[in-house]
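Novice: Sequences listed follow chains A and B, in order.
According to our numbering, the first sequence holds residues 568 to 960 in order.
According to our numbering, the second sequence holds residues 568 to 960 in order.
FYI, nobody ran anything at the bench for these hints, they're computed from the structure.
What you are looking at is a predicted structure, and each value in this text was computed from that prediction instead of being measured.
Ideal Cβ positions, reconstructed from N, Cα and C, are used throughout, including at glycine.
Some clues are possibly wrong.
Partial list, derived from the structure: chain B residues whose beta carbon lies under 10 angstroms from chain A [unchecked claim]:
(1) V609
(2) D775
(3) R842
The calculated DSSO-like cross-link candidates involving lysine-lysine, where the alpha carbons are at most 30 angstroms apart (straight line), are [unchecked claim]:
(4) A:K570 to A:K596
(5) A:K808 to A:K570
(6) B:K877 to A:K642
(7) B:K790 to B:K690
(8) A:K674 to A:K948
(9) A:K570 to A:K877
(10) A:K596 to A:K877
(11) A:K861 to B:K861
(12) B:K690 to A:K861
(13) A:K861 to A:K946
(14) A:K589 to A:K861
(15) A:K877 to B:K642
(16) A:K877 to B:K877
(17) A:K690 to B:K861
(18) A:K790 to A:K690
(19) A:K808 to A:K790
(20) A:K642 to B:K946
In case you want the letters, here they are:
There are 2 protein chains.
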Amino acid sequence: MNKGFFIESRDTSSLARTGVLKTAHGDVKTPVFCPVGSQASVKTLTPEEVTATGAEMILCNTYHLYLRPGIDLVKTMGGLHRFMGWQGPILTDSGGFQIFSLSSLAKITDEGVTFRSHIDGSKHFMTPEDIIFYQQSLGSDIMMVLDDVPPHDGNPARIARAVSRTTAWAKRCLEARTSQTQQLFGIVQGATSPELRVKSAADLAQMDFDGFAIGGLSLGEDKQTTWEMLDLTIPLMPALKPRYLMGVGSPEDLVESVSRGVDIFDSVLPTRVARNGGLYTTEGRINIRNSAFKNLDRPVEEGCSCYTCKNFSAAYVAHLFRSGELLGLRLASIHNIHFLQNLMGQIRNSIRSGNFIQFKTAFLARYRAVDEEVRQQQKQKWLASKPGSNQAD
Amino acid sequence: MNKGFFIESRDTSSLARTGVLKTAHGDVKTPVFCPVGSQASVKTLTPEEVTATGAEMILCNTYHLYLRPGIDLVKTMGGLHRFMGWQGPILTDSGGFQIFSLSSLAKITDEGVTFRSHIDGSKHFMTPEDIIFYQQSLGSDIMMVLDDVPPHDGNPARIARAVSRTTAWAKRCLEARTSQTQQLFGIVQGATSPELRVKSAADLAQMDFDGFAIGGLSLGEDKQTTWEMLDLTIPLMPALKPRYLMGVGSPEDLVESVSRGVDIFDSVLPTRVARNGGLYTTEGRINIRNSAFKNLDRPVEEGCSCYTCKNFSAAYVAHLFRSGELLGLRLASIHNIHFLQNLMGQIRNSIRSGNFIQFKTAFLARYRAVDEEVRQQQKQKWLASKPGSNQAD
């Protein structure tokens, strides 16, 4: 049996749990964090380097690959795994979010979505069935349904329509799926409306998906709202199926979300902040351009077992950033992904040994999260900077 | 004895020879090509990746490291080898060429040179003695004297002054050197003047350098002139000392220069053209953005044993370039440096086995060099684009 989800242990004072997600390209220990390689490359890194961080599954993006290099090309090259040289499990996002956020003129009907490429302005039309066909051609291990992703502060009628449409499309995706080796996940939407989140989750829970995702969160709403939506949604999702919170990846959010019952995460955050000089430490995120690191003859994080910290001083990484040397972006990306993989490993161990809550409390007490106001500013700045291929992930 | 040069074999129909250059950080088989890491990083690559290409020695730049991160900082961090994590031999260029080409307002007197940083415009003064002191602090294995590098088309009086000054400075560098483990090379100048090249080489040959370099060539003069200057100079240089042709690195030029008696090369060319999508093959340099590679389910070069060709199709490398993915720059850089290391290995083998001339003829017959006019245009465009830190190497 190379497909399915098996829960191995449960925390008794939270919804946290550990498990194994079995895929055609290997097993994945959950809770898991997936680095993102939207365009078939985890930015700046080779597959071996991604593996060396401890990552077991990565995420690629159907929207990006459809536009460039094209689904047919990837299929001709033997599928996505062979094309990019990654032999482990791959989760492909459907591109619903990217169509609405990156492309211009996204026009949606019940039939499907018309949009213009953010690369060359060319016009495209896609149905939920197309998206399944594309993901089957890519050969990913976990496919996502096409969802309708309205702005988180959209008007209630628009959000309600998006929820019913996402549910209707989810059903069509299930029916269109012919591959038996690839898993298919539904996506709960509903923006920040408690009623719509509940409706979306309850409706999708009736369908025979291999797992369930929560989409449309962490897009500008405050943290309290994010957790509220999660707490409303999780109990309505099938308890024995994997739960995937899309696009969430800051260390503190991972810890919080696991305690709320999430099994799978992906985010561009560790690699994106890395390329801007932001590096995770157990004390919080530092910026390597800070003058404190200029002369520091110690690793970025003492005791860290990543390639960067084992081989180079913070001063050298700082020099690379100040000099515009691309190796700096690599070393920072390696460190951040390794940090999150290490964190997920600690989370899994603490769940198994029954002290997850103690771990969570200790971690959050020590880890100084980025100030909420700064975080929102950075997020909005990033969202506003799209469309643009540099913002692909 | 961890310092010195030992000739192992000589070609009978040319000046080509093989040898071993012994340094405090290991032996180097010559003829050797050194990848360039001006700012203490071979652009985009880790030390392990550079080693995997077969490279035994790299070049760093005193001018760049003096400006950023600073000589004292590198010294405090335990020297250049430890700072950048490269345990093999390092040759440091003095920065003479960079001072005259990158910085603005370079003002030269017999005492030394005053210039403004290309990074922040700050004013600096350096003597030949300073340059030796800096390189001793960096701890490189081979140090270069400070030279006066006039434009190749400068007026005869200016070039004549530059030659006498370079000779006078060379003597001061020799006297200033206190390190016994680091080697020091003199630099022959003279632009494209046969008389001045001869004078420069003859004068320097009287001095007790560990090796002799030829500088100020391949800077815009035509190829015939380059070879003419080389042919005039080489016979005047001590036959038992290593000969280093600075800044030359195209495959066809390496082959031609070895036959003229050169032992050591460095050039930014393989990594710079790589970042522009130019990849070496035995047939010539291709551009990976060419549509022919978009669907090519074969390595960039069939049979190539580099990491890139062993693991990825040309189509994937092409996709990375078209998508702006930095991994593409890495894969191209690895391929090109590996190509040159492989070429140097073939050159050494053919010299040892007495068929260098056959190898040279066969290689040049097959390798289609970049058209001379295009080459000059690219070179002038590059030279004109300076100063700028992105053009550092």
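Novice: For each hint, tell me whether it holds in the structure or not.
Specialist: Tested hints:
1. This hint holds: V609 (chain B) has a C-beta 8 angstroms from the nearest C-beta of chain A, less than the 10 angstroms allowed.
2. At its closest, the beta carbon of D775 (chain B) sits 35 angstroms from a beta carbon of chain A; the interface hint therefore is violated under the 10 angstroms criterion.
3. Below 10 angstroms, beta-carbon pairs count as interface contacts, and R842 (chain B) has one with chain A at about 9 angstroms; its hint therefore holds.
4. Between the alpha carbons of K570 (chain A) and K596 (chain A) the distance comes to roughly 13 angstroms, so the proposed pair stays at or under 30 angstroms and holds.
5. Our distance criterion of 30 angstroms between C-alpha atoms is met by K808 (chain A) and K570 (chain A), whose separation comes to about 12 angstroms.
6. At roughly 20 angstroms between alpha-carbon atoms, K877 (chain B) and K642 (chain A) fall within 30 angstroms of each other, so this suggested pair holds.
7. A hinted pair counts as satisfied when its Cα atoms are at most 30 angstroms apart, and K790 (chain B) with K690 (chain B) does not qualify at roughly 36 angstroms.
8. Under the criterion of a C-alpha separation no larger than 30 angstroms, the hint pairing K674 (chain A) with K948 (chain A) is consistent with the structure, at around 24 angstroms.
9. At roughly 36 angstroms between alpha-carbon atoms, K570 (chain A) and K877 (chain A) are farther apart than 30 angstroms, so this suggested pair is violated.
10. Restraint check for K596 (chain A) and K877 (chain A): satisfied, since their Cα atoms lie roughly 25 angstroms apart, inside the 30 angstroms limit.
11. Distance check on the hinted pair: K861 (chain A) and K861 (chain B) sit about 43 angstroms apart at the alpha-carbon level, beyond 30 angstroms; violated.
12. Of the pairs offered as hints, the one joining K690 (chain B) and K861 (chain A) holds, with about 22 angstroms between alpha carbons and a cut-off of 30 angstroms not exceeded.
13. Restraint check: the Cα-Cα separation between K861 (chain A) and K946 (chain A) comes to about 28 angstroms, which is no more than 30 angstroms; the hinted pair holds.
14. At most 30 angstroms may separate the alpha-carbon atoms for a hinted pair to count; K589 (chain A) and K861 (chain A) exceed this at roughly 45 angstroms.
15. Between K877 (chain A) and K642 (chain B), the direct Cα distance comes to roughly 20 angstroms. Compliance with the 30 angstroms bound is thereby established for this hinted pair.
16. Pair hint K877 (chain A) plus K877 (chain B) holds up; C-alpha atoms about 27 angstroms apart against a cutoff of 30 angstroms.
17. Restraint check: the Cα-Cα separation between K690 (chain A) and K861 (chain B) comes to about 22 angstroms, which is no more than 30 angstroms; the hinted pair holds.
18. A C-alpha spacing of about 36 angstroms is found between K790 (chain A) and K690 (chain A), which places the hinted pair above 30 angstroms, so the restraint is violated.
19. For a cut-off of 30 angstroms, the pair hint linking K808 (chain A) to K790 (chain A) stands: about 25 angstroms separates their Cα positions.
20. For the suggested pair K642 (chain A) and K946 (chain B), the alpha carbons sit about 40 angstroms apart, so the restraint of at most 30 angstroms is broken.
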